[in-house]
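Spelled out from the first residue to the last, the chains are:
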Amino acid sequence: MPRVVFDCNVLLQAAARERSVAAKCLNLAESGLIQLCLSREVLAEVEDVLNRPEIRAHFPDLSDEIVGAFLKRLQKLSMFVRLVPKEFSYPRDEDDEPYINLAVATGADLALVQTLVLVDNQRHDPTLTLFVSWPPLRSLGYYSLRPLVYQLQT
Amino acid sequence: MTITIDLPPDVEESVKTQAAKEGLPLEDYVTSLVQEGTKRRDRIDLLAEKPFDEILAPFRRNVEDSGMSDEGLDGLFTTARKDASRARKEKARG
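Protein chains in written order, with our numbering: chain R, 1 to 154; chain G, 1001 to 1094.
What the hints contain is simulated information worked out from the structure, not anything from laboratory work.
Nothing here was measured: the structure is a model prediction, and the numbers come from that model.
We put the beta carbon where it would ideally sit given N, CA and C, even for glycine.
Honestly, I wouldn't trust all of these hints.
[Said to hold, decoys possible] Now the stretches of chain G that chain R is said to cover, found in silico as 3 or more residues with beta-carbon under 8 Å: (1) 1038-1044; (2) 1070-1082.
[Claimed, not checked] Keeping only pairs whose Cα atoms sit at most 27 Å apart, straight-line, the calculated BS3-like set for lysine-lysine is: (3) G:K1082 / R:K86; (4) R:K86 / G:K1091; (5) R:K72 / G:K1089.
Looking at chain R on its own, in the form it has when it is part of the complex (with noise of 0.2 Å):
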């Protein structure tokens, strides 16, 4: 089974909305077609992010119980990794770095970012969810996230 790391906003993007293609990734982690690989940070700023009065104010039923049980099941179906040894170093954007170590952590086949900015200047449609093939730093290959969840579908 593919090890697969989520950033922030792909799980926070999973949780609003049941037709996005996060949401569509997380039930294949659900349905036990991928393994989700979480860390006590990640959780953490997911948390951090959904218990923010702006989000609040925004969406009155995110109750802190759906919260919870967000993260409790996201923990309880994910190889959980607690402390996770800081491998790389990214000062450009220090945020991504827990993500990125995570992947080195748990030897993840996959990860789900939202932009590529990670890995080169270029520009790109910043809207368009991909999956990096890991591990990136040895060979950057890009794939679009479409025809990778139809490969993992199918």
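Given the structure of chain R, go ahead and fit chain G onto it with the hints provided.
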């Protein structure tokens, strides 16, 4: 059951203030907090046994009803993520 816990000074102050507001002895107030927290934990555990689609349904209905575009939602999450990051860094700096 009797247990002994050391509370940080700010928590101790807050607990004493809240107990006084509620008109409860400190011990009764702390017991009610533990009961409330345990019940909440149980509800979360029960909900977490359900599929994501079920857990998240009320939130997703909220998002749909808001009429927010995908771009708008992304923008909201990105801003919240930056704010949360800034808050974490400020907290870490003390």
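Now for the hints, and whether the structure bears them out:
no. : hint            : verdict
1   : 1038-1044       : holds (count 3)
2   : 1070-1082       : holds (count 10)
3   : G:K1082 / R:K86 : holds, 21 Å
4   : R:K86 / G:K1091 : holds, 21 Å
5   : R:K72 / G:K1089 : holds, 25 Å
Checked against the numbered hints above, the structure breaks none of them.
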